[in-house]
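*Asks:* Letter by letter, the chains look like this.
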Amino acid sequence: NAGVTQTPKFQVLKTGQSMTLQCAQDMNHNSMYWYRQDPGMGLRLIYYSASEGTTDKGEVPNGYNVSRLNKREFSLRLESAAPSQTSVYFCASRRTQTGNTIYFGEGSWLTVV
Amino acid sequence: KNEVEQSPQNLTAQEGEFITINCSYSVGISALHWLQQHPGGGIVSLFMLSSGKKKHGRLIATINIQEKHSSLHITASHPRDSAVYICAVSGQGAQKLVFGQGTRLTINP
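Residue numbers (the working numbering), protein chains in the order written: chain A, 999 to 1111; chain B, 181 to 289.
Fair warning: there could be bad hints in the mix.
To be verified - Not the full set, but computed from the structure, chain B residues with beta-carbon under 8 Å of chain A:
| no. | residue |
| --- | --- |
| 1 | 225 |
| 2 | 229 |
| 3 | 232 |
| 4 | 275 |
| 5 | 277 |
| 6 | 279 |
| 7 | 281 |
| 8 | 282 |
Unchecked claim - Straight-line C-alpha distance at most 30 Å; calculated DSS-like pairs for lysine-lysine:
| no. | chain 1 | residue 1 | chain 2 | residue 2 |
| --- | --- | --- | --- | --- |
| 9 | A | 1055 | B | 233 |
| 10 | A | 1055 | A | 1012 |
| 11 | A | 1069 | A | 1055 |
| 12 | B | 248 | B | 234 |
| 13 | B | 276 | A | 1007 |
| 14 | B | 276 | A | 1069 |
| 15 | A | 1055 | A | 1007 |
| 16 | B | 276 | B | 248 |
| 17 | B | 233 | B | 248 |
| 18 | B | 233 | B | 276 |
| 19 | B | 235 | B | 276 |
| 20 | B | 234 | A | 1055 |
Hints were generated in silico from the structure; no laboratory data involved.
Each residue gets a CB set at the ideal place from its N, CA and C atoms; glycine is no exception.
Modelling step: build the complete structure from the supplied sequences, incorporating the hints.
*Replies:* Structure below.
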């Protein structure tokens, strides 16, 4: 049982390049999330998906887009990367929107130069 | 003022000491989560609780709903407990979690 798997683990991008972070969970969870973690800022929600076919903005959605491809997969796209998007990105999932344990992927370290 | 406040921000202790990390929140919640993150590592859920107390090995989590306060205790601390501990709350009926800033714990041998 892999849990939450996200790829890639490390990526260096040049300013203006685009890329997609992939996330998949095998726990049949309805809710999926993308967070970024910056020193001194804690975890901040970028986008979330309460169920297949729905997505909503979090605290810091600017510069990102998401796709809930199916129940398993939730991808995060940077259309034109900026140095301010240098961060560690975490995908997470849980069974329903409240009252359930949340499971995180191992993180993706992204550097934009 | 943040909705979720943790204290202390940093804590250094000797192996074997009893550790307490505190979390206070200002909103109504359906559940509170304690998470652990080792340096350079992923984030693991330790506890989810909505009342009372839970215990897992040397870790104990308590919550007082009336006082909007939770504590995470570690008994007989060990260097492998060195990590960042994060408190997060699920608001009532809310989809999103609100996170504290984390407490960096270092246990010296």
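*Asks:* Take the hints in turn and mark each one as holding or not.
*Replies:* These are the hints, each one checked on the structure:
{"no.": "1", "hint": "225", "in the structure": "holds, 5 Å"}
{"no.": "2", "hint": "229", "in the structure": "violated, 11 Å"}
{"no.": "3", "hint": "232", "in the structure": "violated, 15 Å"}
{"no.": "4", "hint": "275", "in the structure": "holds, 4 Å"}
{"no.": "5", "hint": "277", "in the structure": "holds, 7 Å"}
{"no.": "6", "hint": "279", "in the structure": "holds, 5 Å"}
{"no.": "7", "hint": "281", "in the structure": "holds, 5 Å"}
{"no.": "8", "hint": "282", "in the structure": "holds, 6 Å"}
{"no.": "9", "hint": "A:1055 to B:233", "in the structure": "violated, 34 Å"}
{"no.": "10", "hint": "A:1055 to A:1012", "in the structure": "holds, 25 Å"}
{"no.": "11", "hint": "A:1069 to A:1055", "in the structure": "holds, 18 Å"}
{"no.": "12", "hint": "B:248 to B:234", "in the structure": "holds, 17 Å"}
{"no.": "13", "hint": "B:276 to A:1007", "in the structure": "holds, 25 Å"}
{"no.": "14", "hint": "B:276 to A:1069", "in the structure": "holds, 18 Å"}
{"no.": "15", "hint": "A:1055 to A:1007", "in the structure": "holds, 24 Å"}
{"no.": "16", "hint": "B:276 to B:248", "in the structure": "holds, 18 Å"}
{"no.": "17", "hint": "B:233 to B:248", "in the structure": "holds, 14 Å"}
{"no.": "18", "hint": "B:233 to B:276", "in the structure": "holds, 23 Å"}
{"no.": "19", "hint": "B:235 to B:276", "in the structure": "holds, 25 Å"}
{"no.": "20", "hint": "B:234 to A:1055", "in the structure": "violated, 33 Å"}
Hint violations for this structure: numbers 2, 3, 9, 20, all remaining hints satisfied.
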